[in-house]
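Chemist: Sequence:
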Amino acid sequence: MSEPVNFAKFGRRAILNLRQTLASKVLELEHDTLYNKYKDRVGQVVVAEVYQVWKREVLMIDDENNELILPKSEQIPADIYRKGETMRAVILRVDNENNNPKIILSRTSPMFLERLLEMEVPEIGDGLIAIRRIARLPGERAKIAVESFDDRIDPVGACVGVKGNRVHGIVHELCNENIDVVNYTTNVQLFIQRALSPARISSINVNEEEHKAEVYLHPEEVSLAIGRGGMNIKLASMLTEYTIDVFREVPEDQVDEDIYLDEFSDEIDQWVIDAIKSIGLDTAKAVLNAPREMLVEKADLEEETVDQVLNVLRAEFEQ
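So that you can map any letter, position 96 of the sequence shown is 711 in the working numbering, and since no number is skipped, the others follow by simple counting.
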């Protein structure tokens, strides 16, 4: 004899399955709506509210309570996030893996600085001025190359504004990030000179095939070209897309016989000599004329090691 069917139990299960199906459809619809809202907005600036602060990211919500993500890697180091406060960021990308959209924001992208500048400078929106290149060390310093299509408009002056009023708000937004604006040019030598401002260059050798430039300056200009922590030369290289090496210019009356580095192998370890030669410095004079910071960074040597090398080389010419 067959067992009677429990219709009440069957009915509850059907209702539960129906509810799960409906919930899944609603969630799918919400995901589609979120993705469609943001998929074509990459590069736009949004204002969102800080909802939750975590170690690796900040969860933010827009005016429709949609969740937006600001990863740690896209945050300016000096940024401070407090729940309930609003903050601006640029939409970096929209991921949609397995129909689970994630809106990724950025405050470190050059694109964010570009959009902020467009908001502050009407001539950019009018097409009279173009932003050609941007290089940023977020929260520290940035260099922007701009070009004017109207001879009556100074693009640098227009972007900076009277007494810096146009960039003041941007600097504040970016945690006091210093902003340098220079005139863009297709003349590589001139562009590199402008990018290294405020340093004044004596001469420059450019290798366009390898995108490298050797820049020679008077000793007192070297520190200006390099900048604090190598920041100025790093940004200039990023802006021009050239590897820039800086050298001190030695007056002719101070030039005497040079010595190859290999001849110091009894006083300097060979691996140190090889490291210095790998960045194109083969002689004692070349090393002495190169900035100390360049030897540390590009040859990947400890500061103490570099100082020992410089002392050995100086002693040779003081004899």
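Hints were generated in silico from the structure; no laboratory data involved.
Certain hints may be false.
[Claimed, not checked] With a Cα cut of at most 20 angstroms, we get these calculated EDC-like pairs of lysine to aspartate or glutamate:
(1) Lys913 x Glu856
(2) Lys717 x Glu672
(3) Lys654 x Asp694
[Said to hold, decoys possible] Pairwise CB distance ranges, derived in the manner of DEER restraints:
(4) Thr898 x Asn793: 32 to 38 angstroms
(5) Glu864 x Asp769: 27 to 33 angstroms
(6) Pro737 x Asn926: 53 to 59 angstroms
Yeah, the Cβ is synthetic: ideal placement off N, Cα and C, and Gly gets one too.
Chemist: Please go over all the hints and tell whether each is borne out by the structure.
Modeler: Hints, one by one, checked against the model:
{"no.": "1", "hint": "Lys913 x Glu856", "result": "holds (17 angstroms)"}
{"no.": "2", "hint": "Lys717 x Glu672", "result": "holds (13 angstroms)"}
{"no.": "3", "hint": "Lys654 x Asp694", "result": "violated (27 angstroms)"}
{"no.": "4", "hint": "Thr898 x Asn793: 32 to 38 angstroms", "result": "holds (36 angstroms)"}
{"no.": "5", "hint": "Glu864 x Asp769: 27 to 33 angstroms", "result": "holds (31 angstroms)"}
{"no.": "6", "hint": "Pro737 x Asn926: 53 to 59 angstroms", "result": "holds (57 angstroms)"}
Checked against the numbered hints listed earlier, the structure breaks hint 3 alone; every other hint is satisfied.
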